[in-house]
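Visitor: What follows is the residue order along each chain.
There are 4 protein chains.
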Amino acid sequence: MTFSLGKEFRITIFGESHGECVGALIEGCPAGTAISEGEIQRELDRRRPGKGLGSPRREEDRVRLIGGVFNGRTNGGPIVVVIANRDVDSSWYERNRHIPRPGHADYTAFVKYAGFNDWRGGGFFSGRITAGIVAAGAVARKLLAAKGVRVVAHLVQMGSVRAEEDVPDSDLEGLASQSPVRCASSKASRLMVKELEKAAAEGDSLGGLVECRVLGVPPCIGEPVFDSVESVLSHGLFSIPAVKGVEFGGGFGLSGMRGSVANDEFCIRDGAVSTRTNNCGGILGGITDGMPLRMRVAFKPTPSIAKAQRSVDLSRMEEAELLIEGRHDPCVAVRAVPVVEAMVAACLADLMIRSQKIARTGGG
Amino acid sequence: MTFSLGKEFRITIFGESHGECVGALIEGCPAGTAISEGEIQRELDRRRPGKGLGSPRREEDRVRLIGGVFNGRTNGGPIVVVIANRDVDSSWYERNRHIPRPGHADYTAFVKYAGFNDWRGGGFFSGRITAGIVAAGAVARKLLAAKGVRVVAHLVQMGSVRAEEDVPDSDLEGLASQSPVRCASSKASRLMVKELEKAAAEGDSLGGLVECRVLGVPPCIGEPVFDSVESVLSHGLFSIPAVKGVEFGGGFGLSGMRGSVANDEFCIRDGAVSTRTNNCGGILGGITDGMPLRMRVAFKPTPSIAKAQRSVDLSRMEEAELLIEGRHDPCVAVRAVPVVEAMVAACLADLMIRSQKIARTGGG
Amino acid sequence: MTFSLGKEFRITIFGESHGECVGALIEGCPAGTAISEGEIQRELDRRRPGKGLGSPRREEDRVRLIGGVFNGRTNGGPIVVVIANRDVDSSWYERNRHIPRPGHADYTAFVKYAGFNDWRGGGFFSGRITAGIVAAGAVARKLLAAKGVRVVAHLVQMGSVRAEEDVPDSDLEGLASQSPVRCASSKASRLMVKELEKAAAEGDSLGGLVECRVLGVPPCIGEPVFDSVESVLSHGLFSIPAVKGVEFGGGFGLSGMRGSVANDEFCIRDGAVSTRTNNCGGILGGITDGMPLRMRVAFKPTPSIAKAQRSVDLSRMEEAELLIEGRHDPCVAVRAVPVVEAMVAACLADLMIRSQKIARTGGG
Amino acid sequence: MTFSLGKEFRITIFGESHGECVGALIEGCPAGTAISEGEIQRELDRRRPGKGLGSPRREEDRVRLIGGVFNGRTNGGPIVVVIANRDVDSSWYERNRHIPRPGHADYTAFVKYAGFNDWRGGGFFSGRITAGIVAAGAVARKLLAAKGVRVVAHLVQMGSVRAEEDVPDSDLEGLASQSPVRCASSKASRLMVKELEKAAAEGDSLGGLVECRVLGVPPCIGEPVFDSVESVLSHGLFSIPAVKGVEFGGGFGLSGMRGSVANDEFCIRDGAVSTRTNNCGGILGGITDGMPLRMRVAFKPTPSIAKAQRSVDLSRMEEAELLIEGRHDPCVAVRAVPVVEAMVAACLADLMIRSQKIARTGGG
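Residue numbers (my numbering), protein chains in the order written: chain A, 5 to 368; chain B, 5 to 368; chain C, 5 to 368; chain D, 5 to 368.
If you are wondering where the hints come from, they were derived from the structure by calculation, not from laboratory data.
Honestly, I wouldn't trust all of these hints.
For chains that are exact copies, the list does not tell them apart, and a pair is met inside one copy or across any two.
[To be verified] No farther apart than 27 Å at their CA atoms in a straight line, the calculated lysine-lysine pairs in the DSS-like style are these:
{"#": "1", "residue 1": "202", "residue 2": "191"}
{"#": "2", "residue 1": "146", "residue 2": "11"}
{"#": "3", "residue 1": "311", "residue 2": "202"}
{"#": "4", "residue 1": "11", "residue 2": "361"}
{"#": "5", "residue 1": "11", "residue 2": "151"}
Computed from a prediction, not measured in an experiment: that's the story for all the values here.
Could you put together the complete structure from these sequences and hints?
Guide: Okay, here's the thing in structure tokens:
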């Protein structure tokens, strides 16, 4: 029943979609880390829907830091970030509270919590809780940045549109930030916007694929076997609503390869050990090898669609039709890009503190 | 630095490939569970390589239960399973200890442990440690079986060969057990054996894809957000050596779908709520919905191949050629099938105890 | 660096004495538990200083529930309680920030956090953080009450005054609530008030001893060895500022006893197994035996006293005199009585959920 | 249901008194730590009963290291220590299995585990499991020694005999090691031996008090609030069978003191901040202040006595007389001295790694 992730850098998220607020509590951030509401706000602003492309719900997402920071620096205690909910309208949920939305947690929440779940806007199953993850990630990113580690994600697929070109690490952040759908390929980005508008017009939604890279990560991060980098990152990534697949390096493609092709041969580069290829995604035996991390995260289509769907009325135990009127993003993967970055940053910060690559106290 | 997985049903594995033994310590198994060395042995025997198809290392893998069982039933204390290593030859590793094998943890282990790692046979990074996972899984499977839950895995791809037909749940276990490569499709199985023999003859290895289904799982298992079923299972699955991808239900395919297709509409079946399709893999909002769980696990090709490879000599910091002479499976995914089952069983047992669907004490 | 306690019922406290607020986040409370701001407020009001007997700092301690409760019942998510700080004056701390108060955490906080600690009012080392513990305990007490378990504490010693009579369980709560120092003996209570006034007049402070009993606790709670009831409760109790000793049942007195006297012989009472005496404090082998739990908690005198004290100026590394002007309770043990109750309740709720004696979901 | 203690340096104990073995699994020991069976054996030998003073059960307690050590140094994996049980006679327990021994866990184990507990010799509730704690402590002591930290315990009370003199830190270890009852006062030691012989002759047993000091501990160890040094150490100490009280520094005596006496004033000594007295036992705000740690641990008398006792027959639910014939120490506190040292060492090693005062990897 915990809502926490991490061992030494630990994030706990709280709040409900239509409750008073959502937020995050962050334990284990080294004392002396400079952090401000403004820095967290900037990350949250990246999560807001682009004009005309996302949910019409208009949340200011105004960040308030109510604990853990003193004179602009962390004081060693829990950092608490609260983001008030403002633009709330629960009337549709009220009317349809006994009819679970297909693809949503409505049904499982109802059964698990014996009807005591907060059904307004999906309660704590709503994508809105990722605001807390992004806030926590903003703190993690500060820790990583002080060590020269950067986490960059971008959209590589939306529905039938795939970005084919392999964008170099150095250009990735800049290119993705220019796209309204956070796709680093300008050509694919344009096609994605069209695909998105078409799906939305048809009352439908689209799945998407997010690639994430971690640049500048030192070797030795991760623990063998059960706390491998893959284990820890996938644990976090599958906690993001709508994620149904995660792969590292060559991922599923490696299933069809031969060892002589898949193995990353070692070499000496600039006097240091390196690998010629990076099919392992920067992780060998669950531990970073010094190469960039690479992973891909599959998002299912937004389950809330405008088309009529078949469902059941749980109060009468009979089948029923459902017409969803709420305000929803036609492709959650777009807004998920900064969420993926935040989650990867939080998990890595945890592993780096555990590996003693980030000091407990300092003025980072 | 922990080697443990799980919160209430917790497994810890220990030992090294060429040390005295490998094994598992299992905490949290309800007292009164009937378990014998024979039952654990049966699971371990399933993990042994098929004749002519796997590593020529011949390990008896004789199970010894040295704690936690009294009069044939668990007594509430830690269950300790020890499996002695017998057929050990470390001479090749001794000679090549400064030259890390591509695709292996040799290099990351060397750096992480400052050279104090046990380099014989890969130490605790060896696939041999999965014997402990299988032993722990045998205990978990007893707990699940008492609740009518069965975990069944099979090989659906090896290299370029894919099993296309969708085998019904009821036939899966029987069909897979008849195949030397644990593939439920007899046609694909034959092709896989050929592909395996060819790769082995060429001194190469193959990747593979394992599908796992969980039948009879009740609804309500799993915790929202950070301990979602996907989070917990993927954490465990990515702890298995060579796993580089995990997906649930429609998985990566959902990235290319529309919501109107991907959503699993609810219906009433035999008086109970069910879904018409199962693209979500039996998991909504991180919680089981009562449908069978379905996941796929991508294995990279065995990194140890007979072909010469480029590497570096860490003692001289110069590039070097490496010729691996050890004894290795040409496709780890084959022997990984029971490991996947064991891991899924262990993670599910943990979630079921946490959800109070398995009682703490009983005579199961 | 965690600020959390408990495995399944977990409390995390946050905030600083002179920051924006203090509070608690509570995970693992079964969904459907009725809880209101008013109920939590009542417990917090018990923690406020009696008229003329405690700190002149006047905090309303107004409780706000900002997450985890829906329609008056817990919804399965984290419960978040925020208590704003209002009556804050940090000027004395500002002037003396380089001179650690003897007996306080000022010095260790300064060294541990490299000067980044919040030194205003002791930051998160302040006794004020126990407001969060009391809030969390209020939720735990609801869970326990639904199972017929009551936690009652009272003051049995203040400085040189000891309450000698052994008050029966049934009278304890009523008698203690009538005393301004929460002492169940009316005679001792009067003497304690005098002792308190005398110490305060002399600019000094007093230590105290709190006894806590748990009535109606079922057998089988607690885990052998490392999560024994004593281990878990003492872990929590020693987290309360100023606690320096904890004993169960006969406690330190058992060191001087013989086994034939100390052993609690078993008997049959009302058809059930019971013990004739209760020197073990209701705990055998770390597990409850069905008898009432009994423990005593030693509090040191409030370190903040009005008398001049010797200290050091850390900015010059030279000795210095310190005159504390802040507002402080002359005996923290008095206000600690409800804190002890809250902590014991929280730890027991955790153990009872882990033992599956409290269901995950219900309308308790 | 866990049998583990610690977060980063974690010990898990296993085995039963009359099972095949007892032992310990140790996770988180930095790779490269020199450790041998001989070093662990030496600590275990200190736990064996003195001639004529303890249990006549004669266990060789032969240590076997079956994992985690390679070429005489830890390899980063779990260290597994197994100690076989040899001198086992379960016949008395067999005959009396339905009659719980007063003061023992027999009754609570029976109820908790629904009769599936291993009742031979108390199963995993036996004092024999402390052999695993001592083994784990031997590893922890190596880590501490490399940082100049020493843990020394001694007996300060047995029944009515108290050692009054305050032995200086420097003499403590030498004096205690010369006493058959590990009491540093030679006068008290002689009286204790007499008291012990008298109690044994009368078929009775004695309680005892153990003081433990930690010398050379650096400041900054421990975490505020819930993982205070007192919380973590008491958690461990109360896990030792028969412990019923723990106090730090002035402990219970502080309840009767005034603040002006109890406060440890700061001073400059040899250019560093120090305190004139040490009533806080080296811990302020839950964090070490650089002074020696001091704590006292109260042990109840051995519950197994030769005198006839009243109990109940659980198979008939009627009262019964019990005559214990097993082999038992008349005062468990004597043999507990090295157990207290081991436990304190293990808990401190955990806190020091978490505070990054002990490096993850090294050749210590």
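Visitor: Run every hint past the structure and note whether it holds.
Guide: Results of checking the hints against the structure:
{"no.": "1", "hint": "202 / 191", "result": "within (17 Å within a copy, 42 Å between copies)"}
{"no.": "2", "hint": "146 / 11", "result": "both (18 Å within a copy, 25 Å between copies)"}
{"no.": "3", "hint": "311 / 202", "result": "within (14 Å within a copy, 51 Å between copies)"}
{"no.": "4", "hint": "11 / 361", "result": "both (15 Å within a copy, 18 Å between copies)"}
{"no.": "5", "hint": "11 / 151", "result": "both (20 Å within a copy, 25 Å between copies)"}
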